[in-house]
Amino acid sequence: MVTSDSKQQVRPPVSRRRSLLTATFVAFFVGCLYSMWDIGVNPLTFWTERQDLFNLLDRMWAPRIDEPRLVWEAALDTFLMAFAGTALGVFLAVPIAFLSANNVVKNRFVRGAARAFIVVTRALPELILALIFVRVYSIGVLPGVLALGLHSIGMLGKLFSDSIEQIDTGPREGVVASGAGRLQEITTGILPQVIPSFIAISLYRLDINFRASTLLGLVGAGGIGLQIRAHQGSLDYQQLLGVTLVIIVLIAIVEIISSRVRAVILGHDDGPKKKSVLATLGLGHTVEAEDFRPADGASAELPFDREALRPPWNRDRIVMWIFGSSCLAMLILAFTVPDLSFIEMIQGFPQIPEIFNNLIPRNMDWWEDRWGELLVETIQMGFAATGLSLVFAIPTAMLAARNVAPARWVYNAARSFILGVRALPDLIVAVIFVAALGLGPQPGVLALAIGLYGFSTKLFADSIEEIKEGPRDGVRATGASGLQETFTSVLPQAMPAIIGHSLYVLDVSLRASTVLGIVGAGGIGFPLVQGTRLFQFELVGGLLICIFVLVYAIEILSAWVRKQVI
Amino acid sequence: MTDVEGAIRPTPNHADLPPVVEVEGLVKTFDNGRVRALDDVTFSVPEGQLCVIIGLSGSGKSTLLRHLNGLHEPTAGSVTVLGGRVDQLKGAKLRALRTEVGFVFQQFNIVGRVSCLENVLSGALGRLRGPRFGVLSYPKRFREEALAQLERVGLGDRAFQRTDTLSGGQQQRVAIARMLMQKPKIVLADEPVASLDPEISGQVMDLLFRACIEDQITVVCSLHQVDLAMGWASRLIGLQDGKIVLDSPVDDDLTQERVMDVYRRLDPEGRKISEYGTSVTDLS
Ligand SMILES: Nc1ncnc2c1ncn2[C@@H]1O[C@H](COP(=O)(O)OP(=O)(O)OP(=O)(O)O)[C@@H](O)[C@H]1O
Ligand SMILES: [Mg+2]
Chain L
1 MVTSDSKQQV RPPVSRRRSL LTATFVAFFV GCLYSMWDIG VNPLTFWTER
51 QDLFNLLDRM WAPRIDEPRL VWEAALDTFL MAFAGTALGV FLAVPIAFLS
101 ANNVVKNRFV RGAARAFIVV TRALPELILA LIFVRVYSIG VLPGVLALGL
151 HSIGMLGKLF SDSIEQIDTG PREGVVASGA GRLQEITTGI LPQVIPSFIA
201 ISLYRLDINF RASTLLGLVG AGGIGLQIRA HQGSLDYQQL LGVTLVIIVL
251 IAIVEIISSR VRAVILGHDD GPKKKSVLAT LGLGHTVEAE DFRPADGASA
301 ELPFDREALR PPWNRDRIVM WIFGSSCLAM LILAFTVPDL SFIEMIQGFP
351 QIPEIFNNLI PRNMDWWEDR WGELLVETIQ MGFAATGLSL VFAIPTAMLA
401 ARNVAPARWV YNAARSFILG VRALPDLIVA VIFVAALGLG PQPGVLALAI
451 GLYGFSTKLF ADSIEEIKEG PRDGVRATGA SGLQETFTSV LPQAMPAIIG
501 HSLYVLDVSL RASTVLGIVG AGGIGFPLVQ GTRLFQFELV GGLLICIFVL
551 VYAIEILSAW VRKQVI
Chain V
1 MTDVEGAIRP TPNHADLPPV VEVEGLVKTF DNGRVRALDD VTFSVPEGQL
51 CVIIGLSGSG KSTLLRHLNG LHEPTAGSVT VLGGRVDQLK GAKLRALRTE
101 VGFVFQQFNI VGRVSCLENV LSGALGRLRG PRFGVLSYPK RFREEALAQL
151 ERVGLGDRAF QRTDTLSGGQ QQRVAIARML MQKPKIVLAD EPVASLDPEI
201 SGQVMDLLFR ACIEDQITVV CSLHQVDLAM GWASRLIGLQ DGKIVLDSPV
251 DDDLTQERVM DVYRRLDPEG RKISEYGTSV TDLS
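Here the protein sequences come in this chain order: L and V. 193 is the number that my numbering gives to position 193 of the first sequence; each next residue is one higher, with no gaps. 111 is the number that my numbering gives to position 111 of the second sequence; each next residue is one higher, with no gaps.
Simulated from the structure, these hints should not be mistaken for laboratory data. Note that the structure is a prediction, hence the values are computed from the model and not measured. Hints are not guaranteed to be accurate.
Said to hold, decoys possible - Listed next, the in silico DSBU-like pairs over lysine-lysine satisfying Cα-Cα at most 35 Å (straight line):
id, chain 1, residue 1, chain 2, residue 2
1, V, Lys243, L, Lys158
2, L, Lys158, L, Lys106
3, L, Lys158, V, Lys183
4, V, Lys243, L, Lys468
5, V, Lys90, L, Lys563
6, V, Lys185, L, Lys468
7, V, Lys140, L, Lys563
8, L, Lys468, V, Lys90
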C-alpha cells in the first residue's frame, strides 16, 4: 500500500529556509563542541578537576574580613558608583533614544547616526572603557562612573527606543488633534506612556551595572573590586572569599529590590492598570485660573474645587514618591560620599573626544599575528562557555518554571539556586579558577559558563512560564505522560524564546570572553589591558574594532535567525 | 460512509448496553466553597450514546466534562469512566484511562507553532513510550496513520502547514483528527464549535459526530446551539447553576418549550426571568 509517493508525504518537505536554519544550528552545535574540545573543557570538567578546586577551597576556608569598615565603605562606594553611572547613562540615552525612534524622527540620517552610536557604545566593554578613563582621571570612582554611563547608553538607548516605537498612536493623535506643539506632543502624547518602562529598564540596568561595578576595581576604577585585586595579589585567599561573599549577598539584595520595584511600577496585577508615572507622582503642570481665563481678559474663577485638581495620596502615589525621593537622595550621596567630584567630571568631558581620537588606528602597525590567534581563542571561549552553560541551563529551567516544575518545593529550590549562581560575578569566579587551575582559557571558560548558566536559566524559565496552558491540556487529555507533555506541548511553544535567548547568551558570552584576559584567563583581553597600561592606544583601538566587528556579526546573524523562528 | 444523516439515524436501544460513564452525586466548589459549580449531579451514559449537555454560560458544562477525564478533582461524589474511578486514579493509571477518552476543546488547544501532522501525531503519545519532538521522532507507521486521519477531516493537503496559519474551523478539525488518532472509546467535547461561525459550526459538528458514529465512539458533548443539539443528540441533559434540570432522550416528547426552559435564569426570589427579556414571570 505504501508507494514511494506516500513515503515522501510523511516527511517534512525540504525548503530553502528550513535548510538554512538547519545549517545554522549545525554550525552552532559544531562550533560549541569543537571549541569545547579544543580548549579542553566538557560538562565533566568540574568533576575531573575537583581535586584542584577542593584544594583551593580548602585554602580559602574559613572566609575572613579583617577590616569590615573598609569593606563596607568600598561596598557603599561601589553601589553609588553604579547608581551615578546608571543615572549618567539614562541622562545620555533618553535623547538618543528619541532620535533613533522611527515614530519620532523621520530623517533617516539622524536616526541612523543615533543607531550607530547605540551599537558602538554597546560594543565597548565597560572594563576597557574604565581602563582608558583610569589613564585620564587616575584611580578612583570617577572613571568607573564614566565607563558605566557610556557603556549603558547602548542597552538603554536600544530598549528605550524600542518602547517609544511600541506606543499606542491613539493618545498621541489625540494630543496632536488638540493643536499641541511638537514638544507638547512628546511630553503629553509619548512620555506618559513610556515612563514606566523607562524606569523599569533603568532599574534593570542598575542591577547590571552594580554587578559590573564590583569588578571595575580590578582595573583600578574604585569600589570593592580594588579589595579583590589586593587580596588576589597578596594570595590572601581567606579574605578573597570573605569579600566575594559580601559581593554575592549585595548583588542578590540589589537584584531582589530592583525586581520588586520594577513589579510595582509595571503593575504586575493583570488589571487594566496603565497609569502614567507622571500622573501618579502628581507632577506636571497644575491647572491654574490662568488657564481658564476667557479670551477677553476678564478674570475667571476656577470652575471647580482646587483640591480636586491634585491627585489623592493613594498607595501608588506614595510608592512613587518614595521611589523618586530615594533616587534623588542617592544621586546626592553619589556626589558626596565617594571622592566623586561633579566639577572634575564636567571638566573631564572635553578630553573624551580626544581620547577616542587617539584610539583610531592610523595604520596597521599595531597588528601582530598573535592577535589573530588570540581572537580565534576568544571566539572559541565564547562558544565553549555557551555550549557548556546551555547543557545545564535548559534542564534546570524546566525545574525553575512554575508551570512545569514537578513540585512547588522543586521550583522554589531551583529559583533560589539560580539567584545564588547569578549573583556570582564571572570575573571573580575567573580569579578563583585561575588561582586553582592556573592561567589560560580553561578556567576562564569554566567561570564564564557558570555565570552564563545562572543568567540563561532565568531567561529560559521566565519564558517557559509564559507559554499557553491550553495546548498542554490538549496533550495531557490524550493520556500523555508528564515528560511527553513537556516535549510535545511545552518545548515547541518555548522554542522561539529558547533559540532567541541562546543566541543572546552567545552574544553575551563573546563580549565577556574579550575581557577575561584581564585576570589571566585567556583570550584577547590580555593584550587589551597591556595596551592601555603601556599607552598603546592604537593597538587598543584596533583590537576594539576587531571585537566590534565580531560582536556585530553575531548580532546580525541572530537577528536573522530570530526572524525565521518566530 | 454510513447512511447516517442528521437527525434521521437509527436509535439503538442504548439502555441495554453497559454504562461507560457513571456520575454519582458529583459536587464541585471553587474558591473554598464560595462558587458551587456542580451541585449533586447524577447520571450515566451507556455505550454508543450521543449525549449532549446544554445550559447557560456558567452553568457548569465545562466543569462537568473536565471531571470525566480527571482534569478536575471532585469536591464530593464519584466519577466512573470505563469501569475506572477517575476521581481516585492517579499517575500512570489515570493516564492509561485518558488514552481511551478523547477530548475536544472549545479553544482547540493545539500547539500553534508546529505542523498539523505533528499535532495529530501527539494523539498517539499514549500508545508510545518516551518523549517525542518533531514529526520525524514518531515511527513511520504512526505518521501514515496520522496522515490518514488528517485526510479524514479533509486536511490531508495541509499536513506540513503550521497549524496557527489555518482558519478556526480548520484548526478544530486538526484537533478532531488528533482525538481520532487516539482511538478513544469515549469522546468528550466541550463546546467544540462555540468559537466558529454558524455555517462552519454545522460542518464541524457533522464531521465530529459522523466520525464518532463510524468508529462507534460514545460522545458526551456540551453545546450552546439548541438546534445543533436537537439535530445530533440521542439524549439531552440540561444544566442550570450546576444542577441537572432536564434529562431526556431526543424524541417527539421533547418539545422546544422544554428545552428552552433550560435557558431561563432564576432571579434571587426564585422567579424565572427569560434570558434576554426583563419581564418576570411569577412561578408560584
Ligand atoms: N477554576 C475555577 N475557579 C473558580 N471558579 C471556576 C473555575 N472554573 C469554573 N468556575 C466557576 O464554575 C462555574 C461553572 O463554570 P463552567 O466553566 O463549568 O461553565 P460553562 O457552563 O462551561 O460556561 P460556558 O458556557 O461559558 O463555557 C462558573 O460560575 C465559573 O465561574
Ligand atoms: Mg465552558
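Would the hint linking Lys158 of chain L and Lys183 of chain V be met if the CA-CA limit is 35 Å? At roughly 52 Å apart (the allowed maximum being 35 Å), Lys183 of chain V and Lys158 of chain L break the hint.
Are the Cα positions of Lys243 of chain V and Lys468 of chain L separated by 35 Å at most? holds, 31 Å
CA of Lys158 of chain L to CA of Lys106 of chain L, is that 35 Å or under? Holds, at about 17 Å.
Verify the proposed pairing of Lys185 of chain V with Lys468 of chain L, using a straight-line Cα cut of 35 Å. Within the cut-off at roughly 28 Å; holds.
Holds or violated: are the alpha carbons of Lys243 of chain V and Lys158 of chain L at most 35 Å from each other? With a Cα-Cα distance of about 57 Å, the restraint between Lys243 of chain V and Lys158 of chain L is violated, given a limit of 35 Å.
Hint check: Lys140 of chain V vs Lys563 of chain L, CA-CA at most 35 Å. Holds or violated? Within the cut-off at roughly 31 Å; holds.
Is it true that the CA of Lys90 of chain V sits at most 35 Å from the CA of Lys563 of chain L? violated, 42 Å
Does the structure keep Lys468 of chain L and Lys90 of chain V at a Cα separation of 35 Å or less? Given that 35 Å is the threshold and the Cα spacing comes to 24 Å, the pair holds.
In the structure shown, a violation is registered for the earlier hints numbered 1, 3, 5, in ascending order.
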